[in-house]
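Top to bottom, those sequences are chains A and B. Reminder that position 19 of the first sequence reads as 19 in my numbering, one-by-one numbering, no gaps. The number in my numbering is simply the position in the second sequence, starting from 1, with 1000 added.
Be aware that one or more of the hints could be misleading.
[Unchecked claim] No more than 30 Å apart at the CA atoms, straight line, and that leaves these computed lysine-lysine pairs for DSSO-like: (1) B/Lys1336 <-> A/Lys67; (2) B/Lys1358 <-> A/Lys155; (3) B/Lys1358 <-> A/Lys109; (4) A/Lys92 <-> A/Lys155; (5) B/Lys1216 <-> A/Lys30; (6) A/Lys92 <-> B/Lys1358.
Honestly, the hints are just simulated from the structure, not real lab data. Note that the structure is a prediction, hence the values are computed from the model and not measured.
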Amino acid sequence: MAGKSGSRVPGTLKGLALTFKTAMQTMFPKRGIKTLIPAPSIGAMTVQYPHEADLPTPRARGVISLKEDNCTSCMLCARECPDWCIYIEGHKTLAPPRRAGGKPRSVNKLDRFDIDYSLCMYCGICVEVCPFEALFWTPEYEYSEARIADLLHDKSRLGEWFQTVPDFQPYESGSEAKVEKVPR
Amino acid sequence: MTTTEDIPQITDLDSLDGAIARLVADNSVLHLSQSEAEERSGYQAPTADGMGERMIMNMGPQHPSTHGVLRIVLELEGEVIIRSKPIIGYLHTGMEKTGEELSYLQGPTNVTRMDYASPLFTELAFALAVEQLLGIEVPERARWIRMLMCEANRISSHMLFMATNGMDLGAVSMMLYGWREREEVLRFLELVTGLRMNHNYIRPGGVAADLPDGWKGSLQRAIDPLPERLDEFDILMTGQPIWRERLQGVGVITAEECLTLGVTGPILRSTGYAWDLRKDMPYLHYDELDFDVLVGSYGDCFDRYAIRLNEIRESIGMIRQIVDRMPGGDYKIQDKKVTPPPRARIDESMEALIHHFKIFTEGFKVPAGETYAAVESPRGELGVYIVSDGSARPHRMHVRAPSFINLQSMPHMMRNSLLADTVAIVSSVDPIMGEVDR
Chain A
1 MAGKSGSRVP GTLKGLALTF KTAMQTMFPK RGIKTLIPAP SIGAMTVQYP HEADLPTPRA
61 RGVISLKEDN CTSCMLCARE CPDWCIYIEG HKTLAPPRRA GGKPRSVNKL DRFDIDYSLC
121 MYCGICVEVC PFEALFWTPE YEYSEARIAD LLHDKSRLGE WFQTVPDFQP YESGSEAKVE
181 KVPR
Chain B
1001 MTTTEDIPQI TDLDSLDGAI ARLVADNSVL HLSQSEAEER SGYQAPTADG MGERMIMNMG
1061 PQHPSTHGVL RIVLELEGEV IIRSKPIIGY LHTGMEKTGE ELSYLQGPTN VTRMDYASPL
1121 FTELAFALAV EQLLGIEVPE RARWIRMLMC EANRISSHML FMATNGMDLG AVSMMLYGWR
1181 EREEVLRFLE LVTGLRMNHN YIRPGGVAAD LPDGWKGSLQ RAIDPLPERL DEFDILMTGQ
1241 PIWRERLQGV GVITAEECLT LGVTGPILRS TGYAWDLRKD MPYLHYDELD FDVLVGSYGD
1301 CFDRYAIRLN EIRESIGMIR QIVDRMPGGD YKIQDKKVTP PPRARIDESM EALIHHFKIF
1361 TEGFKVPAGE TYAAVESPRG ELGVYIVSDG SARPHRMHVR APSFINLQSM PHMMRNSLLA
1421 DTVAIVSSVD PIMGEVDR
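Isolated chain A (complex conformation):
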């Protein structure tokens, strides 16, 4: 065993040196004269939330936003949702005619559009199935609540989030463009 313990020390030391080196790179990432100033928030691989904000990718599925004017309460999103977390109620009403002298149009007015984010699986099926471009993903993520019941968000809150919808990123060239512009 004596010979074995002789070979044991350098391997352990090498590992310790590596750990120490990585720790130093994290604690003292600055170079030159500033080397001695500890700056762990620069050297760290993690985002120091809430002191600095995380930057999600434009495609990030943070929260679903609603453009209320585009919704026709067709219920396609509600019935395609795998766990039924979208609640829609609406009624028919008459809108002024498009052209002067025409007949008033019959439109669907949205009374309630709630998404229960405590149930939502963030699969994005509702956004994909919406044929009238009323639902959009936004990378917004700061909407945690203390009570689970408060995660049921109504159409006004979903409408506020619509302001944060990013422009659609161009798909890579060579494949067919699929998505329209965001209807601002």
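Once you've looked at the hints, dock chain B against the given chain A.
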């Protein structure tokens, strides 16, 4: 580490029969309930000198090293494990049954939650099975995107193993390093799919979205530092005498025993049996890639660790080949029966709008029949078996979860090992309990 050519494959069925007899004879599985086992094993209260202790001990379900909610009932003779029994079901969510209620369009969002450390593989197996039933061919680009995403996911899954395996065995800084590398890969997955896990990205008929602009840069940021970091892992773990003594010769299992138990993945490969579905039953375009199947020779915890570490290196090589060969074209099939019409056409054509509603309200019909499609997940052969009755929902869906089947090799690995080795063995099997219980 040796490559495939040197290893003889097992063709002798008698040796498998011998393995069955040996597995039965070694009596390592605790079949009784806890109270029965205590009664029959002649449980004695610990004496003052600590001798003659034979007791039943529960490890888990909340033990930090059981990778979720696995409970292992151990029958101990002092410090030595005589028999053991893994108890599962604490995470049972009925996902297979739920899959019968969801249409094929909603299916991927359900199956992706089974193996939460490598979600894209379950999606891929589900999509391949549905496509087999439909008899459709997905476009070239979709297949290469699928391979790219799966290999990136394999890296993140094996990095999770590196982190937790190090943590379980006391290499605490490994926990941080493994997590750090995994994070970069997850950033790439988020850029492409929108989520860090449970992506719902690989769908029957292709993938959900094309690769965004700048994906190559993001991928390089994730992949390029890895070879250097993996060399650091070699210094921190592979070369360490403490690490080797903790793992070498622990939890030994033979190839015959693995085959009789149905164990696949790194555990089977660690015994020297080169079985990798990417090589042996190629799906997508894996037959066009140049990579090695890594095998071990002792079938112990160290081989399983080393195989996973080097599979990360193989995956990096594969990703580089895939990036070079990524073809142009469409990312999902344009088949009126399977995919909705393009967005832009909905505004122009009433027919397209009706079609859109029809495909989403009814789902697409899949011809009656049954099929099985398997992929090589980081944990072994992951298969999806679907029986279709011709409607838009599967009549029956079964997932052959590698974690579940690998788990039954654990009592045999643990027999006559020390209590402290349990942690190493559980960690080296790398079970994901969401997939075990599904």
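How the hints compare with the structure:
no.: 1; hint: B/Lys1336 <-> A/Lys67; in the structure: holds (28 Å)
no.: 2; hint: B/Lys1358 <-> A/Lys155; in the structure: holds (26 Å)
no.: 3; hint: B/Lys1358 <-> A/Lys109; in the structure: holds (23 Å)
no.: 4; hint: A/Lys92 <-> A/Lys155; in the structure: holds (18 Å)
no.: 5; hint: B/Lys1216 <-> A/Lys30; in the structure: holds (29 Å)
no.: 6; hint: A/Lys92 <-> B/Lys1358; in the structure: holds (23 Å)
Violated hints for the displayed structure: none, as all numbered hints are satisfied.
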